[in-house]
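Peer 1: Residues per chain are reported as follows:
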Amino acid sequence: MSSCPQNPQLQAYLDGELGREAETALRRHLVTCAECASELALYEQLFATLASEPLLEPSPQLTERIMERVLPSQVRRRWVRRLGWGYGVAAAGSAAAAVALLLSPAPRTLLGALGVEASQRLAQAAVFVVNALAVALVQLATGWGLIEELGVRISPLVRAITALLSRPGVDVTLGLATAASVLLVWWLRPRELAPGRNRGSRGIDHAGFFAF
Amino acid sequence: MDHDDASVIRRCQEGDERAYRELVQRFQRPVFSVAFRMVRSSEDAEDITQETFVRVFRAIDRYDPARSFEAWLFTITTRLCIDLIRRRRVRPVSLTRQDPESGEESTIDIEDTGLGPDEVTSNAEEERHAKSLIDSLPPHYRIVVMLRHQQDLSYEEIAETLSLPLGTVKARIHRARAILKDRLEGKNS
Numbered sequence: 001m002s003s004c005p006q007n008p009q010l011q012a013y014l015d016g017e018l019g020r021e022a023e024t025a026l027r028r029h030l031v032t033c034a035e036c037a038s039e040l041a042l043y044e045q046l047f048a049t050l051a052s053e054p055l056l057e058p059s060p061q062l063t064e065r066i067m068e069r070v071l072p073s074q075v076r077r078r079w080v081r082r083l084g085w086g087y088g089v090a091a092a093g094s095a096a097a098a099v100a101l102l103l104s105p106a107p108r109t110l111l112g113a114l115g116v117e118a119s120q121r122l123a124q125a126a127v128f129v130v131n132a133l134a135v136a137l138v139q140l141a142t143g144w145g146l147i148e149e150l151g152v153r154i155s156p157l158v159r160a161i162t163a164l165l166s167r168p169g170v171d172v173t174l175g176l177a178t179a180a181s182v183l184l185v186w187w188l189r190p191r192e193l194a195p196g197r198n199r200g201s202r203g204i205d206h207a208g209f210f211a212f
Numbered sequence: 001m002d003h004d005d006a007s008v009i010r011r012c013q014e015g016d017e018r019a020y021r022e023l024v025q026r027f028q029r030p031v032f033s034v035a036f037r038m039v040r041s042s043e044d045a046e047d048i049t050q051e052t053f054v055r056v057f058r059a060i061d062r063y064d065p066a067r068s069f070e071a072w073l074f075t076i077t078t079r080l081c082i083d084l085i086r087r088r089r090v091r092p093v094s095l096t097r098q099d100p101e102s103g104e105e106s107t108i109d110i111e112d113t114g115l116g117p118d119e120v121t122s123n124a125e126e127e128r129h130a131k132s133l134i135d136s137l138p139p140h141y142r143i144v145v146m147l148r149h150q151q152d153l154s155y156e157e158i159a160e161t162l163s164l165p166l167g168t169v170k171a172r173i174h175r176a177r178a179i180l181k182d183r184l185e186g187k188n189s
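Residue numbers (this note's numbering), protein chains in the order written: chain A, 1 to 212; chain B, 1 to 189.
Since the hints were derived computationally from the structure, they do not count as laboratory data.
Just so it is clear, CB atoms sit at the ideal spot from N, CA and C, and this is done for glycine as well.
Treat the hints loosely; a few may be bogus.
Computed footprint of chain A on chain B; a stretch qualifies when at least three of its residues, placed anywhere within it, have a C-beta under 8 Å from a C-beta of chain A [unchecked claim]: (1) 18 to 32; (2) 75 to 89; (3) 143 to 151.
Below, a sample of chain B positions facing chain A; criterion: calculated Cβ distance under 10 Å [as the list claims (entries may be wrong)]: (4) 15; (5) 58; (6) 178; (7) 181.
Okay, chain A solo, but in the shape it has when bound (with noise of 0.2 Å):
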């Protein structure tokens, strides 16, 4: 340790910390003094030997291990297979539990009663909302005046018809022509062809196409 009592500013030096005035003072101080002078040279080849440690080299997979862990686009990759694997092992786990479950008897007679159940109660339900869809369309059509209208617009053609049926003859007119229609029918209705003869010479053979 020197005994200088001017030794404890040659760091202060160094680092560029003392005034101007300290700093003339210790200059002049250091051309006289040999003890202090020795210290700076020595505090000097050490802050040269300082700054040239080399920084230490990582391994050369290191970068790619950060970015693996702090790219956000490998964050949310990464979180989307965490939670792929969780929804895997959920399903996995319900499904086993499924098998487990319908393997076993008590539990098997369970789901078959709870089955049955379930399906009258599903018809129920189908029927309730039939019910209640034709209930709603029917009321939104009277609320609508919609029924009213269609009667209103049927009426004179309820009318035209009624009075057709009213006039002598349209009657007896009417049966001849619904009876003869039952006879063509009757006469296109298919028959077994005798021996002999050629279908394609027949024509009509279905009263399907009279229909049509």
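Given chain A's structure and the hints, the job is docking chain B onto it.
Peer 2: Frame of chain A, contents of chain B only:
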């Protein structure tokens, strides 16, 4: 922090993934060097380096550019190093005792007698394996010398990094240099 560093950090804050790589490549060697010189294990130093960057990027949006990035970075690194050193020193002890009358078990509160970050001292094994001047220093001197002379941090930044008073930092650096100067003198002679 130079202009380029500020630009890279700003791009990181905007989510540019190329900037992430750039920032890691710029600072991984200094961080690894500090960590290695503190924990003396390459594997642990790499883990600390990785964790440092994970924490940096997790909080990069909250980073205030008015503050020193290096001070923030090395704060995280040194805290991780100190945590690891503390964990290495932990010895298992029983934390329960039984009351002789009631037979009830109760927890014993034990004061943490482990050395704090300010009190971490070197051990003989480390000293024997010391390869460089810096490595020959006790850890609480080693860290301040590294931050000052290898990472070019100012006294104020070192104080911020280590959460120490400025006077303590200056005193430690001066003391550490005096020790190293004496060793250098011994080598020279």
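Peer 1: With a cut-off of 10 Å on the beta carbons, see whether residue 178 of chain B makes it to chain A.
Peer 2: holds (8 Å)
Peer 1: Tell me whether the statement that chain A covers the region 18 to 32 of chain B is true, taking a Cβ distance below 8 Å and needing three residues at minimum.
Peer 2: It holds: at least three residues are needed, and the region 18 to 32 of chain B offers 8 whose Cβ sits within less than 8 Å of chain A.
Peer 1: At least three residues with a C-beta closer than 8 Å to a C-beta of chain A: is that true for the region 143 to 151 of chain B?
Peer 2: Result for this restraint: holds, n = 3.
Peer 1: Close enough to count: is the Cβ of residue 58 of chain B nearer than 10 Å to one in chain A?
Peer 2: Interface hint status for residue 58 of chain B: holds (8 Å vs cutoff 10 Å).
Peer 1: Given residue 181 of chain B was flagged as interface, is its beta-carbon under 10 Å from a beta-carbon of chain A?
Peer 2: Residue 181 of chain B check passes; min Cβ-Cβ to chain A is 5 Å, inside 10 Å.
Peer 1: How does the coverage statement for the region 75 to 89 of chain B fare against chain A, requiring three or more residues with Cβ below 8 Å from a Cβ of that chain?
Peer 2: Violated - the region 75 to 89 of chain B has 0 residues with a Cβ nearer than 8 Å to chain A, which falls short of three.
Peer 1: Should the hint that residue 15 of chain B touches chain A count as held when the rule is a Cβ pair under 10 Å?
Peer 2: holds (6 Å)
Of the numbered hints given earlier, the model fails hint 2 alone.
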